[in-house]
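A.B. asks: The C-terminal residue of the sequence shown carries number 352 in the UniProt record's numbering, and the numbering is unbroken.
Hints should not be assumed to be uniformly reliable.
As the list claims (entries may be wrong) - Lysine to aspartate or glutamate pairs mimicking DMTMM-like chemistry, simulated, CA-CA at most 25 Å apart:
id : residue 1 : residue 2
1  : K325      : D157
2  : K109      : D76
3  : K57       : D163
4  : K148      : E293
5  : K305      : E233
6  : K169      : D114
7  : K188      : E224
8  : K71       : D127
9  : K41       : E20
10 : K250      : D163
11 : K346      : D163
12 : K146      : D114
13 : K169      : D11
14 : K8        : D345
15 : K319      : E329
16 : K154      : E293
17 : K325      : D345
18 : K61       : E25
19 : K146      : D163
20 : K319      : D287
21 : K346      : D287
22 : K112      : D147
In case anyone wonders, no lab produced these hints; they're calculated from the structure.
Please read these numbers as outputs of a predicted model, since none were measured by experiment.
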Amino acid sequence: MNILVTHKAVDVATYKMLGELSKNESYTIYLTVPSASEAAKVEGKCIPLPISPITSKFSWKVIKTLRRYVKQYDIDLIFSPSTSGLSNALIATIGTSVKNVGYRGTQAKVKKLDPTYYMGILNPRVDHIVCETADIQEYLTRYIDKDKLSVSVKPFDIDWVADACANPKQAEGVPDNAFKCIYIGTTKGRPFKGLTYLIKAFQILNAPEAHLVVIGDYDNSDYELAQQGVGAERIHFLWNREDAISFLPKQDLFILPALRDASPRVVREAMACGVPCIVTDIPGARDLIVDNESGILVPSGSAEKIAEAMRSLMNDRTKLQKLAKASRERIINEFSVEAYVSYFDKLFASLS
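Work the whole structure out from these sequences, hints included.
C.D. replies: See below:
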C-alpha cells in the first residue's frame, strides 16, 4: 500500500508512528516536507518529498504537487493530520480512487453552515477521521457517520524528555527549596486556556514558599493581574521558549487550568518527567490522569479549587512523591508508541 502524508501538523508522535509503520513491508510511505529541517525529522523507511508549505485550505501550488505525487507514486491513501492538508488533498484526489484520512484533535465547534468545513472534515469524500479523544468522536457523530470515526490518543515515549531530564533548567529567582509550580502554554488571545484562573489560584494560595513559572505568550491583562496581586515577585513570566520542556524536571507541580483543551501534550511531557499534574476536569485532558493516583482533577473555572489542590500537595510531600512516580509509570504503561502504530496499521489495512 502506497501512503502519502501531508506535512502540516506532523508532530514527533506522528513522525515516530510513520517511521515504525514504514518498516512493515506492506507499506511504502511518502511524507511531504516543506524544508530540509523537516526532512531531517523523517524516520524509518519513510521517503521525504518536497512541497510548498501548506498555509491555507486551498493552495493551487500544493494541490498540483500532491496530484503529481499521487500519479507518480501510485498513491492509495493520503493521511492528513491537519484540516488544511486534508482540504488540499481532497481537491488533489478528485477523480481518483485515493482514500483520504483526516485527524481531529480539537474540541472546537463544527460550523455546519460554514461552507469551508465541506472542504475538510465534512466532505463526504473523507473516508475516515482519527479522533484524539472519545469526546471529540462523540461530538463529530452529530455530523459524520460513526463508522468513519475512531479514537486513538497520541502516544508518548519517555525518551522524548531524556535530554530535558539530563539537562534541567530553572527560572532565575526561584530558590531550590521553594514549592515550584509551572504552566506551559500559548494563552495570548485564548482565555479558554485558563491562565487567569491559575494566577488567581496562586494569589489565593498566598504561600511565601511557592513560586509559579509561566512559559508561553500571554495577554497583558494576565500579566497585570499577576503584578497587581499578592506574590507578584514569585510569578515568573518567561514568554515563549523553544527549551520550555527543560524547565519541567525541576518543578514540583504542573497545573493545567484550561476550560477546554483536548489532550494536551504538555501534560504528558510533565508526567514523563515525573512531575505531578493538577488538571481541570474537562473532556480529553481528564483522561490523561487517574484522579488521586497519577494526578489531581479539579473543576474547571474555579481558582479556589485549584488553590485548594495546590495547598493540599504543598503540605503533603509524601503524596506528591507518590503522584510523581505514578505519573511517569502511567506514561510508560498506557501511552506506548507500539499501540499507536498498531492502531494505524489496522486502520490503513482496513481501507486498502
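A.B. asks: Does each hint hold? Answer for all of them.
C.D. replies: Now for the hints, and whether the structure bears them out:
1. At most 25 Å may separate the alpha-carbon atoms for a hinted pair to count; K325 and D157 meet this at roughly 16 Å.
2. About 31 Å separates the Cα atoms of K109 and D76, which puts this hinted pair outside 25 Å; it is violated.
3. As the CA atoms of K57 and D163 are separated by approximately 36 Å, the hinted pair breaks the 25 Å bound.
4. At most 25 Å may separate the alpha-carbon atoms for a hinted pair to count; K148 and E293 exceed this at roughly 34 Å.
5. A C-alpha spacing of about 23 Å is found between K305 and E233, which places the hinted pair at or below 25 Å, so the restraint holds.
6. At roughly 45 Å between alpha-carbon atoms, K169 and D114 are farther apart than 25 Å, so this suggested pair is violated.
7. Taking the CA atoms of K188 and E224, the gap is near 13 Å; set against the 25 Å cutoff, the hint holds.
8. Among the hinted pairs, K71 with D127 is consistent with the structure: their alpha-carbon atoms are about 20 Å apart, no more than 25 Å.
9. The hinted pair formed by K41 and E20 meets the criterion: a straight-line CA distance of about 13 Å does not exceed 25 Å.
10. Taken as a hint, the K250 and D163 pair is honoured in the structure, with Cα atoms around 13 Å apart against an allowance of 25 Å.
11. With a CA separation close to 33 Å, the supplied pair K346 and D163 exceeds the 25 Å bound.
12. Taken as a hint, the K146 and D114 pair is honoured in the structure, with Cα atoms around 21 Å apart against an allowance of 25 Å.
13. The hinted pair formed by K169 and D11 meets the criterion: a straight-line CA distance of about 24 Å does not exceed 25 Å.
14. Only pairs whose Cα atoms come within 25 Å are accepted, and K8 paired with D345 is accepted, the gap being roughly 21 Å.
15. Under the criterion of a C-alpha separation no larger than 25 Å, the hint pairing K319 with E329 is consistent with the structure, at around 15 Å.
16. With a C-alpha separation of about 21 Å, the suggested pairing of K154 with E293 holds against the 25 Å cut-off.
17. Distance hint between K325 and D345 is unfulfilled; the C-alpha atoms sit about 32 Å from each other, more than 25 Å.
18. The suggested pairing of K61 with E25 is violated, with an alpha-carbon distance near 32 Å, which exceeds 25 Å.
19. Proposed proximity of K146 and D163 is contradicted: the alpha carbons are some 41 Å apart, above 25 Å.
20. Only pairs whose Cα atoms come within 25 Å are accepted, and K319 paired with D287 is accepted, the gap being roughly 20 Å.
21. For the given pair, K346 sits about 23 Å from D287 by alpha-carbon distance, which is consistent with the 25 Å threshold.
22. Of the pairs offered as hints, the one joining K112 and D147 holds, with about 19 Å between alpha carbons and a cut-off of 25 Å not exceeded.
Against the hints set out earlier in the document, violations occur for numbers 2, 3, 4, 6, 11, 17, 18, 19.
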